[in-house]
Amino acid sequence: MTSAAEITGDSPARPSAAPQSIGRQAWRRLLGNRLSLASLIVVGIYVAVGLFSFTPFVVARIDQPYSADKTYAPPSFWRTLDDGSRAVAPERWFGLDFEGRSVFWRLLYGTRLALLIMVCTCAISISIGSVLGLLAGYFGGWVDDLITWLYSTVSSIPWLLLVIAMAYVLQNIQTMNAGSVQSRIAQFFGGSSTVILALGLTDWVGLCRLIRGEVIKLRDLDFVVAARALGLRRSRILFRHVLPNTFHIILITFSLSSVAYVQAETILAFLGLGITSRPSWGRMIDDSKLELLRGVWWELTAATLAILVLSLALNVLGDALRDALDPKLHGVK
Amino acid sequence: MPQPLLELRNLTVAFDTEGGQIRPVQDVSLSIYPGQTVALVGESGCGKSVTALSILRLIPSPPGKVLGGQILFEGKDLLPRSEKQMQAVRGKDIAMIFQEPMTSLNPVFTVGEQIVEAVQLHQKVGTKQAYEIAEQSMHDVGIADPHKRLHEYPHRLSGGMRQRIMIAMALSCRPKLLIADEPTTALDVTIQAQILELLRELQHERGMAVMLITHDLGVVAENADAVAVMYASRVVECAAVDDLFDLPKHPYTEGLFRAIPRLGHVQDRLQTIAGSVPSPRRFPSGCKFHPRCPRMNGDALCAEQEPALREIAPRHWAACHKIEDFAAKPITPPNTDSRRAEVSR
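Protein chains in written order, with my numbering: chain V, 2 to 334; chain L, 280 to 624.
I should point out that these hints are in silico values taken from the structure, not numbers from a laboratory.
All residues carry an ideal CB built from backbone N, CA and C; glycine is no exception.
Among these hints, one or two may not hold up.
[As the list claims (entries may be wrong)] If the Cβ cut is set under 8 Å, some of the chain V residues that face chain L in the computed set are:
#1 A74
#2 P75
#3 P76
#4 S77
#5 D146
#6 I148
#7 L151
#8 T154
#9 L222
#10 F224
#11 R229
#12 G232
#13 L233
#14 R234
#15 P245
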């Protein structure tokens, strides 16, 4: 027998046409499509803006009044200085709100909150949904019965009612424990932690169902039985062999439900349950609903457009992801 | 005779279904000696695969459970062992390969990663060394350019290649027993011959025992040392391969041999076994073969009493009440010669 080292030496270098992983193929298909590429860029811009708004540069500007009389100003590109000359003024690009605060900077800060909500809520709901779905699908029996009962119960309560109830409870808990660590965390989340928890803990049912179904399908496939025949631990089979085969579902759920979470935050803010201390997009819409009567249209428009463009981009991206990850469409442009 | 490597004693497996309990494996006894190949033959649904899966405790449970009997591996019973102890047996002492190579590999990992996982599971080696072992074992199962193939995803490989990968994975920890559950059924004939040849070579090289599950008597004649024929959950006949092929004692085995077309023989019509295989939900009373048996002749004994497996001739067991009445006459071994020509490269 030849030694392994010899074989390594003998065999030719890896060919240029390296075999492509499923993920890499999907990525290439995603970049090949103009629409999905555009949506990817838009999402990228949002992420960049969101990260930028974590800087003190933005944070310092959200509550600062920009007009001397602390009142409205319509959008303008310029700012008139004392000597009558004009200077470029980003803070006035989207106008000033009823306290003279810059809609532009507040909108930027809202991106940060929206991203936080999207990522953190998805992290919570996807972990709960996928782990419960995985356990229910793989083990069946009483585990499945219990989890099915749990998600049936959660989904039988009207979603908004559940979220509102949770938001109230969590708000109270937060005010009770006003310790230093908590307040620091609260500062980081800009008051969005209530919304994140309320949404994350209620919206895992759909994913749980999908994963459960997929795992029931995968459970009896030969490669899972083969993994057991090799002597693998159960947890390793579950998380290394079964779960990765459901990643396409998780990825698509992420892209679609993250939009829904931003929208849900708007709804909660409109009901007075969202983020109250910081300017989220929902709060901006809530603030401007009365001002609309006075002809102040810019704050509402800006926040709505920000949500619209992000939703559109993520929806297109989710659709493109579904296509890119669909093995039946392999080779189809 | 030395101690058997694996010995099944009166193994009975039951499944709880909505229509009541079924027993796809009943009272199965079987011995496999080190280095030997034992074939388990029978029609679909006769309990071959369930027998194999229950050795490694891989039957879905619930609804499946072992009702009784013993599974002795190197003299020690596997049944009372904990799941953790079974994990140490699986893959290390007893490995298994499956029928369907297209679905036996995880589609989201490269074959290299999967072999390495198998290697590292039972051997304390670093990742780099594990990759070298994986490459070596891919070389051993006859995969050209293993260094490149390591990084391939399963969907880029053919069925035969994937079955070779499965064999490489199964053998990477040098098991003492390999259970091959219809390893070539899903492959075409030339690839089938290559895979069987490969298994034979590896078995010879490593002194490993093989339990070969198949319904192809040609494969049995070519590969096995001993054969156990299963019918409707029971072993009905068990003997060395030559004895069984020369002088089948059980009417079912006889019927099987008659039902095989022979190359080079002009034959009007193939003989079949009348009737069909009983469903495990409604096994007949007494001898499970009696409704189809040409020997029964209205004998109440056959319909009432389950025949036990008896040693009819030295090291030749059969379960039939009527063996003495019908001293089996030699029949020409069915097309094994022609199959031999077809099977060997």
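For each hint, the structure was consulted:
At a threshold of 8 Å, the smallest CB-CB gap from V:A74 to chain L is about 56 Å, leaving the interface hint violated. For V:P75, the suggested interface contact is broken, since its CB lies about 55 Å from the closest CB of chain L, more than 8 Å. Among the interface hints, the one on V:P76 is violated; its C-beta lies about 50 Å from the nearest C-beta in chain L, farther than the 8 Å criterion. Checking V:S77 against chain L by beta carbon gives a least distance of about 54 Å; that is not within 8 Å, so the hint is violated.
Evaluation of the V:D146 hint against chain L yields a violated restraint, the C-beta minimum of about 13 Å exceeding 8 Å. Below 8 Å, beta-carbon pairs count as interface contacts, and V:I148 has none with chain L, the closest being about 17 Å; its hint is therefore violated. Contact between V:L151 and chain L, as hinted, is not supported at the beta carbon level, the nearest pair being about 21 Å apart and thus beyond 8 Å. Given the 8 Å rule on beta carbons, the hint for V:T154 is violated: about 25 Å separates it from the nearest Cβ of chain L.
For V:L222, the shortest C-beta to C-beta distance to chain L is roughly 5 Å, which falls under 8 Å, so the interface hint holds. Among the interface hints, the one on V:F224 holds; its C-beta lies about 5 Å from the nearest C-beta in chain L, closer than the 8 Å criterion. Of the supplied interface hints, the one on V:R229 holds, with its beta-carbon coming within about 6 Å of a beta-carbon of chain L, less than 8 Å. Given hint, V:G232 at the interface with chain L, holds; its Cβ is 4 Å from that chain's nearest Cβ, closer than 8 Å.
Annotation: V:L233 was flagged as interfacial toward chain L, and the flag holds, the nearest CB pair being 6 Å apart, inside 8 Å. Because the smallest distance between the Cβ of V:R234 and any Cβ of chain L comes to about 6 Å, under 8 Å, the interface hint for this residue holds. A cut of 8 Å between beta carbons decides the hint on V:P245: the least distance to chain L is about 5 Å, and the hint holds.
Hints 1, 2, 3, 4, 5, 6, 7, 8 from the earlier list are contradicted by this structure; the remaining hints agree with it.
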